[in-house]
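Protein chains: 2
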Amino acid sequence: MAGMKRAAVIDMGSNSFRLVVYGYEPGRYWQHVDEIREAVRISAGMGDEQRVQPEPWERAVRTAALFSSFCSAASIDDVTTVATSAIRVARNREALLEEIERASSLEVRVISEAEEARYGYLALANSTTVEDGFGFDVGGGSVQAMRLKGRKLAQSASWPLGAVRVSETFLPGEKATGKAIKALRRHVASVTSDWFEPHAAGRAAGIGGTIRNLAAAAEKRAELPFTDAQGFTLTGEALEELIEELAALPASKRGDFPGIKPDRGDVILGGAVVLSELMCQAGVEAVEATDAGLREGIFFERLLVDRDPPLFTDVRRASVENVANRYHDDLRHQRHVAELSLQVYDGLGGLGLVDADDVDRELLWAACLLHDIGTAIDYDDHHKHSRYLILNAGLPGFDPREVELIALIARYHRKGQPDVSELGAFERPGDERKLSTLSGIIRLAEQLERSRDRAVAAVAVGSDDGTVTLRPDTRADATVAIWSARRSSDLLSRALGRTVEIDD
Amino acid sequence: MAGMKRAAVIDMGSNSFRLVVYGYEPGRYWQHVDEIREAVRISAGMGDEQRVQPEPWERAVRTAALFSSFCSAASIDDVTTVATSAIRVARNREALLEEIERASSLEVRVISEAEEARYGYLALANSTTVEDGFGFDVGGGSVQAMRLKGRKLAQSASWPLGAVRVSETFLPGEKATGKAIKALRRHVASVTSDWFEPHAAGRAAGIGGTIRNLAAAAEKRAELPFTDAQGFTLTGEALEELIEELAALPASKRGDFPGIKPDRGDVILGGAVVLSELMCQAGVEAVEATDAGLREGIFFERLLVDRDPPLFTDVRRASVENVANRYHDDLRHQRHVAELSLQVYDGLGGLGLVDADDVDRELLWAACLLHDIGTAIDYDDHHKHSRYLILNAGLPGFDPREVELIALIARYHRKGQPDVSELGAFERPGDERKLSTLSGIIRLAEQLERSRDRAVAAVAVGSDDGTVTLRPDTRADATVAIWSARRSSDLLSRALGRTVEIDD
Chain A
135 MAGMKRAAVI
145 DMGSNSFRLV
155 VYGYEPGRYW
165 QHVDEIREAV
175 RISAGMGDEQ
185 RVQPEPWERA
195 VRTAALFSSF
205 CSAASIDDVT
215 TVATSAIRVA
225 RNREALLEEI
235 ERASSLEVRV
245 ISEAEEARYG
255 YLALANSTTV
265 EDGFGFDVGG
275 GSVQAMRLKG
285 RKLAQSASWP
295 LGAVRVSETF
305 LPGEKATGKA
315 IKALRRHVAS
325 VTSDWFEPHA
335 AGRAAGIGGT
345 IRNLAAAAEK
355 RAELPFTDAQ
365 GFTLTGEALE
375 ELIEELAALP
385 ASKRGDFPGI
395 KPDRGDVILG
405 GAVVLSELMC
415 QAGVEAVEAT
425 DAGLREGIFF
435 ERLLVDRDPP
445 LFTDVRRASV
455 ENVANRYHDD
465 LRHQRHVAEL
475 SLQVYDGLGG
485 LGLVDADDVD
495 RELLWAACLL
505 HDIGTAIDYD
515 DHHKHSRYLI
525 LNAGLPGFDP
535 REVELIALIA
545 RYHRKGQPDV
555 SELGAFERPG
565 DERKLSTLSG
575 IIRLAEQLER
585 SRDRAVAAVA
595 VGSDDGTVTL
605 RPDTRADATV
615 AIWSARRSSD
625 LLSRALGRTV
635 EIDD
Chain B
135 MAGMKRAAVI
145 DMGSNSFRLV
155 VYGYEPGRYW
165 QHVDEIREAV
175 RISAGMGDEQ
185 RVQPEPWERA
195 VRTAALFSSF
205 CSAASIDDVT
215 TVATSAIRVA
225 RNREALLEEI
235 ERASSLEVRV
245 ISEAEEARYG
255 YLALANSTTV
265 EDGFGFDVGG
275 GSVQAMRLKG
285 RKLAQSASWP
295 LGAVRVSETF
305 LPGEKATGKA
315 IKALRRHVAS
325 VTSDWFEPHA
335 AGRAAGIGGT
345 IRNLAAAAEK
355 RAELPFTDAQ
365 GFTLTGEALE
375 ELIEELAALP
385 ASKRGDFPGI
395 KPDRGDVILG
405 GAVVLSELMC
415 QAGVEAVEAT
425 DAGLREGIFF
435 ERLLVDRDPP
445 LFTDVRRASV
455 ENVANRYHDD
465 LRHQRHVAEL
475 SLQVYDGLGG
485 LGLVDADDVD
495 RELLWAACLL
505 HDIGTAIDYD
515 DHHKHSRYLI
525 LNAGLPGFDP
535 REVELIALIA
545 RYHRKGQPDV
555 SELGAFERPG
565 DERKLSTLSG
575 IIRLAEQLER
585 SRDRAVAAVA
595 VGSDDGTVTL
605 RPDTRADATV
615 AIWSARRSSD
625 LLSRALGRTV
635 EIDD
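Here the protein sequences come in this chain order: A and B. Numbering of the first sequence is given in the numbering used here, commencing with residue 135 and proceeding in unit increments. Numbering of the second sequence is given in the numbering used here, commencing with residue 135 and proceeding in unit increments.
Think of the hints as simulated: they come from the structure by calculation, not from any bench. Treat the hints with caution; some may be incorrect.
Said to hold, decoys possible - Not the full set, but computed from the structure, chain A residues with beta-carbon under 7 angstroms of chain B: (1) T197; (2) P396; (3) S585.
Stated by the list, open to error - Capping the alpha-carbon separation at 25 angstroms, the derived lysine to any residue pairs in SDA-like fashion look like this: (4) K354/A x D553/B; (5) K518/B x P396/A; (6) K139/A x G137/B; (7) K395/A x D553/B; (8) K518/B x Y163/B; (9) K354/A x K518/B.
Unchecked claim - Derived list of chain B stretches under chain A, where covered just means 3 residues or more per stretch with a C-beta under 8 angstroms from a C-beta of chain A: (10) 166-177; (11) 195-203; (12) 240-252; (13) 511-523.
Where a beta carbon is used, it is the ideal one built from N, C-alpha and C, also for glycine.
If we strip away everything but chain A, and leave its shape as in the complex, we get (with noise of 0.2 angstroms):
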């Protein structure tokens, strides 16, 4: 991708530096395309004298040097590179920052909560279709809640109540009493209860570890085809049953939990019990998993430095328009087959033959989009490729199900009868005929727009005794795609249990 600019992202955090390339031209695409994690530990023996010991110290300054020189190798001269927690607090961190800078030549910039709050905030509400409730961020030593009004955030909060720090307190040791647990809750409750009292509840998603690692016990634990945590719901209920059976195992069974990170299983308990007791704080019955977090909350200022705050108009739009531009030089055929395909989806609502369902009709446009992907990889088979690429480029703002549902729709627009167990324990009572007639539709317009020029404008739905009719509003010779879409009309023709009929 020649006109892709580079920006890097340095989050100095108090476990681990981290260093993320954003690839990206404004207005088309964005995408996340290198990253070094290093295990700095930096945190390590600080204890109550506030200060950085000797050996983080010089992994800190090394580590820095590293990132610095694969910044100028790979020619990146847009680098932010900010400092959390550990270093805010640090009593010698001026000394640290001079010779990080000295070594490495980064320019670091130490972060507030509130502004480290802020950035969570950017990368929820761009991820997510939130408008109005909460946000969490369970991390290790802390954790953060936002409240959002109207995608704004209206006001945040931070209390030392991470699971590394809760698990230490109230659940050391192998076992987990009922008890401790119970200890925990209240001590959560009594720390947060001020801050939650008068605000109504709404809906709630989540960022950081803890939450996507839980997400993603939950989804295996309910046996869903897996991808990934993003976009996955943790209801309270699922979460009560994994607190339950995490506690039933010895804290260094936790982590062989399926979902769940060996290297988080011995603090996880902590982490559930504490994220459980905000939500039930906050009066939300559910918690949306996204992958962001603080760097893109950080990128998302930059990529979006024209709009005030940073957001995306539209989550799930600007989602799909993002994978789409950074497989196509241009997107007019695919937004042409999106248009075909609505008005006849439209025109089926009209005469009753689809129910005119919005969440339907995106995901139609969306697999509109991203059908043709897949011929990045190779020609042959693209549609089995969109797929693939459409399941692991993550698509924030929509839901497992909504996105392998788009992948299908993608997956069957050229051949083949649409197999709804794909959706596996996704299945849902209907699919089978949304699935087809959504195909069905999209197979139609794909033939309807064959030369790519337009030739076939519009076209109108009409019903005559029966059959459906789809009469294309043309400029040039569409013969032949008038011939093909007619070739094509079977797989819509047994959706609808109509005969579809093209005409001239």
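Once you have looked at the hints, place chain B on chain A.
This is chain B only, laid out in the frame that chain A set:
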């Protein structure tokens, strides 16, 4: 890919017209990016009169107009249109071509049999490693044979022995008797033996759908992990078994045979018998299938315009660099990881710790060039995406087992214990150690080149008291890279059964 040029090749064949779009940057990469196929059946009803009939005539003109609109809409100026057999022999071809040119502004070049053979040869010599031997193309009406000497086309021949033609004459009806098959063999022998007589054997490769389908059927029958027939070697023995099984089925069921496309079912047996007899005549024991064909031959002439004949210097190398360049703007990091990996491999070979094997060395090099291509999909799990992309990109010149080995080495370049069972029926004795060793080497080289600035310029390998020691030659601070390499030496250490140490 902003710098990508596009060239379209339109092939007006007897059965279908096909438009293929290639995207490329000269000297960097090429790929098949788009395609439209229209079953024009220009030869329908031509009979002995040799005249294109009104209906196919109209389909041909309309399809040409569609292809032309497609190219204009996609802003493709570089369009090569060729017509083969059916149009070549049509008595009314001039009038047809005039009308096509008027309706579509496509300039159609009618190519001779010799030109067709030359393009077949270019396809074959640029997508297989056959240097001396034969090329076969079993079409519907005719069969082409090419003789290669030192990668040059020494001679070619064409006989009316295509799969459709011989099936109609020798194997009509549902049942194929042993007698009919023998008669077909004798006929093929009598028509072709003069041409083959004086030549020595060698290797053989085949182009065209018949051979590709037979290779795919043999691959599936052997329960090999199937991705593609590209590069698969169909042995004479496997072909005889297929002939026996296909002959036992009624003609109408042969299209259900796994690997055989349904629309080829009625003629596949005839094609198989012809191929088998050609192999006997040529004295070759196997034929390697390739996806490339006439259209690629035409495209290669354009891509490699500065070479005579237009051939890649080394097909395997060209395939790997082609794919690597499609996903990366520059390959400095990848080439340096390859250099360090090969230094380690050769060093271990010098110590007798690995078999110094040229093929393994080349697979390791290929995996190094391709290990990071999965980052184009998503940074997370990019090692898994790299495997998917390698398996699906097509690496002409490598056989499917080799492609899977390259994919697995790339898959394990970051973490995890290589799982040799993923090779399925491709697994051979010693593969576990091979895969662990090669993955272990790339994993270390990747860490040594962690800063991507070639701070570790080279690495030497020594041995002392049963310990293998890597001695990096550094030209900048490589402390963190060396630390990380030390944390990544386990896999190689287990594979070799030796402690692996990395010097400062």
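Quiz item: Hint numbers the structure violates, sorted upward?
Solution: 2 and 12
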